[in-house]
Amino acid sequence: MMDFILPAIVIGPVLIGLLSFLFPRKMQWILFFLTNIVLLGAVFYIRDRQNLFFLFELSYFPVNKLTMGMAYSQLGWFFLAISTVATLLFSAFSVGFNDKKHATAIAPLWLILVGASNGIFMAHDWLWFFIVWESMSWTSLLIIGHGRNKSFKAGIFYYLLSLAGTFALLMSIWLIFRHTGNFEIGSGILFLAQASVRAPFYALVVLALFTLAFFTKSALFPFHMWPSLAHAEAPDDFSAYLSGIMIKYGIFGLLLVVIPVFAASPLHAFKAVSGVPLPLYFTGWISAVTAAWGTIMAIFSSDMKKLMAWSTVANVGYIGAALSTGTSLGYAAALFHTANHMFFKGAIFASLAAVKYRTGEREMHKLGGLAYVMPVTFITFLLGIIAAAGIPPLSGFASKWMIFQALFERKLVFQSTMIFFASTGAFLYLFRALHTVFLGQLPRRFAKVKEVGPFMSFSLIGLMVLMLIPGTAPGTLLKPINSVLGSMGFEQVKTGWFFVQGSTTAIDGGITTFAFVLAVAVVFLLFVLGGKKKKVEMLDNYTSGETPEDWNLTEERYHYGNKFYQPIEVLFKWVPLGAVEEKYRQFGNSLVRLGNLIHDFFQGHSAWGWQLVAGIALLIGLGVM
Amino acid sequence: MSNINGLLSLKLLGFSFLSMSVGLLFMGLGRKVTARIQRRLGPPFYQAFLDVFKAFSKSSITHNYVMDLGIIMSLGGLIATAFFIPFAGYAVLGSSSIVIILYLMSIGYLGMAMGVSASGNPNATIGISRALALMLGYEIPIVMIVMAMMLTYGSSDLLTFATAQQGGFANWHIFKYPLGFLAIEISFQAMLGEAPYDHMIAPAEIASGPMVELSGKYLGIGFLLHAVQLYVETGLIVNLFLGGASTWYVFLLKQFAVYFTSMCINAVMARYRIEQGIAHLWKYAGTLALLQLFITRLGVF
Amino acid sequence: MNQVILLIAIPLLVAFSMPLTGKLFPRVSKVIALLTLLFEAIWAGFILFNTKGAVSVVIGGWLPPFGINLVVDHLSGVVAFVVSIVVLFSIFFQLSSGLSKKPNFYMLSLLLVASLMGIIFTGDLFNLFVFFEIAGISAYSLIASGKNSNSSNGALGYLIPASVASVFYLVGIALIYSTLGTLNIAQIASSFSSVKPILATFIAFSLLTLVLLEFEIVPFNSWVPRAYQGAPSSISAIFSSGLALASGYVMLRLGVIVFNGGQGGFIRTGSFELGHALFGIGVITVIAGEIAALAQKDVKKMLAFSSVGQMGMVLVAFSIGTHSSIYGGIFALISHSFAKLLLFLTAGLIIMKTGKSKYTQWTGIARCSPLFGVLMLIGSLGVIGIPLFSGFWGKFAIIGSTVVLGKIGFIATTLILAASVVEGFYFFRLVHTMFETGEEKVPKVKANFAFWLISSLLVAVIVALGLRPGIIDGRLKKIPGELIGNAESGYVQAVNKQLKGSKK
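From first to last, the protein sequence lines stand for chains A, B and C.
Here the first sequence is numbered in our numbering, starting from 526 and rising by one per residue.
Here the second sequence is numbered in our numbering, starting from 43 and rising by one per residue.
Here the third sequence is numbered in our numbering, starting from 38 and rising by one per residue.
The following block holds chain A by itself, in its conformation from the complex (with noise of 0.2 Å):
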């Protein structure tokens, strides 16, 4: 039925951003805190209401009686809701951290970008899709340039990628349009299912031109450099939005379109390694490869925004992977997994924006010793690395776990190997993040500073909370994603509160928190039932007998931070990192030059003589051709 609820939630926020315009900053950050406590309540009135539409006409000549619009599916429900929680968290962290000093113009801006992020979920159509998609481009290259040189810098790369990508999406649907003549998402998937069979060349061409789409905005390789760049440069409240959110909606479009094709074709529509059909076993590996990769630029990372812009590419590569495995524990852990990420990803940016916010300072090895000051942030920092990592009983284990479950099914080892070769080599970056950035010796310059404001506190709280429930309780995500498994025709997971059956074996979250848990009390009591203790303050080191003091010894030189990981580096010297991101750029420049020739070809004053000739000889060339 027709309802205008849909609509609201994605006008709803653009108008009310067109609005905040008028109005000074802190009340632009209020407005954008209330715009999500109401998509809140929206978003949960909508839920599980199947039948919901908003469809228009629009009069458009080449498109014979053109519907377009909204209409409700489960799985962008379900995205829907994860990133409306979200977003709420990050809105309250922003009101408190957009104060006098620090404020940016972003708010109505960051209003209309989640009015269209929406409109992406609630897709009836791939025109109305389209049409949302490019508006969340570009607002969000306005947001994440700010005014600044070189944030625009990182941001332009990402937004011509993501342009390359959005035509590659423009050029498929009409492809698909003009065997089916309308925009209809379900039609587009059914004639894809058929053309594989009979025409399974153009099917391919469809199906890549859409991939390259989603790649693009998901930053799998061979885009896997923009996060760093446009992650860290954006401001520092959006980074969240940007590496918890954003990055999710290719995700969300290969779920949309790419797998049900693969899921609907026939079984010997393409030729299969390992049950799994030939282009998804190669989007696999193009994820396992982003995985790795995006670990080891995070390994080598000094700046922590950086570090943690690879850490998600990364983490999309594991999604990527779990995706291509083409079984529905593979579906099922890939939206686990982006539920997951959401939440400790955007903890972890939004305590190191809290970090920045009490100390303006980015790059790692000048920090340290934070925790000390700062408590609730370090151990919300704490509880997202816990969770990154995968170390159970936080939420990462769980999706990580059934990623794994996902690839044995489909006995895909190598790929397997170089997803664990991410996983242990996570636990490096992460741990180095949070050494330089909370542990160490607390410079002197940032004795003074204070934990976050009441605002910021709650919003890192909440995040801790979602962190910590679905670790101990998968089911609580796991329910709803077997909705959206059961809505697309896929097998669901078998799956209680706590405990989840994969592949090969089963988890039970409660049980091992509990386990943890007690094996914690234990320790707790020996340590308890121990000796004295006696606090000591931190310069007060073991230093081989030596007087610090004879050396202007300060806390800065003492705290080890700087080439955490030079061993490593030695040894990957001979791999070429940064040779994409090299090679891009050579590409924009000689296009510049090409732009200054064709300039002077221009200039000359008798150019145009031998010009018109050319031009003739042109068009008689191109007719016979």
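Source of the hints: derived by calculation from the structure; they are not laboratory data.
Check each hint, because a few of them may be wrong.
Derived, one-sided and incomplete: chain B residues facing chain A with beta-carbon distance under 10 Å [said to hold, decoys possible]:
hint: 1; residue: 197
hint: 2; residue: 254
hint: 3; residue: 331
Just so it is clear, CB atoms sit at the ideal spot from N, CA and C, and this is done for glycine as well.
Place chains B and C on chain A using the hints.
For chains B and C alone, coordinates are given in the frame of chain A:
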């Protein structure tokens, strides 16, 4: 899966002490072995117990709450891991998923890393960074071998691997996966932090690395960490390659056999440089494991 | 519909009276010129809204082929309306900007608008030539009236190639007259199939050389950068949004109606297909234009090359010749006119007030005067073809037509879209630079009421068309029907009906 109740709690409590005791016993015996290799008498086999009790009885220093939190979390995590290792064919929690074990072990690492880094001494952090770098080296071969076994049995439960080896020597994986066993042996040395991969401790280089600021009960917990780590990791190898066991004394014997080999190697070898260490792990252990994986994969095809 | 002639006659009359009034009452004469333009726009609108189908109006009672007729159909109505608005806004901008021009400037603009109207409405090839020449003369002088060093350069660079091309055009006219005996477009269309293919192709080449030159197609457009840079901003705006639009119109008119190989496709000669030739050269124009714009630092040159690229895309659309592609091309042309007008006027204002014409010198302008940044943003979004802005619907239809044309179409689409990516880059680069926080003090740019009025109207149009293409969809969708089909097209039938009707 087991149900959560009082009986389970008691069992878990028992296993906590079992893992700690077994580990401490091994530590003491290990020192005896090393001593004998170096042609001296060595301390009594129960020395480790004495050391731990003494450590706990002394007063200690702490730098901040993170140190306390980290140390407690790490031993807690490691003991929780020990719950998942099947002891003589008995998995107390009903689950022995290898993936859980491999990941839960990381809490032990992370907790300790966090705790000692919070002490503020760069020696500790250097030790940790080396240990983590080394981890990148040895985890990969282990994972590859585990996956090879998973391909064969279609399960990732340690108990399944153990029971599959029942019924005689010839069934042991050490003979079925010889390359894998060699790879694991090399990685195991690194996992334990024994020479030639004792970069984490590196006594002469970085003043015992992570242990540098630990005193009193903290040092005691550090000892217990090593002890439980011994229990967990030898238990892992026994279940994976040496056929598990149906009785507790055979299991302990096999565990000690593994540890004995490790201590022998430790006594006679010097330390690699850290990047050499990682490179060698990949080159030797990694290649062997990869080969094993290939062979198994093709076989299972 | 004799009133159509007013669109050409009134500006001509006022223009001829201006040298006298200009000497006597300079200020008043400028206002009169502006009012004339206002009348033009209103009258063109009135004619457009009253158009229900193609109507032919004979001038002076002499029937073709001896006399000339003016044809009003949806295409000419829409294009004339847009052109009149473009010229009105540009000249209003110039008049109110404070940089005074002599009354002769306004006289020339009136001449220009009259000639453009003539180009649009005429039904006779030679008449078309005459009006092209008049437009050319006004254009050269207007370019040269710019106050910078490139002005005379630009004017000459336009004058010489255009004159040469006109000679080719005359040759074509001569050939047509000798073979078909008429110069009336509709009558030529009905009988063009009887001309020998090789001769037909040669005629096409001769005629199209001039048209392609005016339409800014590579490689005929060597005059574009210097002319745009040298001319005052209002004139560059008229060029991009008016003259190019009119040339596109001529391209479409001649191309589809005259050089019609049936069903909207172009003529063939042996293995030579005119449609393919134009398609290919259009793609080359798109690529060359956008890449050249990328390398530009001067804003006016950047916008000039951007126009080149857009015209290339429109040519690609026209050369395909299907209903959807023609619709898309026209939509794109119209949207481009409005968006480019906004860009040129805003840029012109900024250049006038700050004296800086390179975008690298514009750092931070939008920090003090954010609305200028917003205007440039909206104009850019309109040109690039981002959804929710007018340019999208045109581009969408064009891509839809090109991508389904088999392998060549697919490759061409990829190239055009790649060029669009480049386009996105340099426009956003410009817009963002304006918003960046620079180190130097930035001058505050103030605009007067006229500018705000014009720009808000343009923004309203761009956004309205973007949100609801239906506003002009109703009129545009009738256009392909009136063009395609040789003797069956609405255009030709209207003219024939009038001829029959008057042969009493």
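- Any hints from earlier that this structure breaks? Give me their numbers in increasing order, please. Nothing - there is no hint that the structure violates, so all of them hold.
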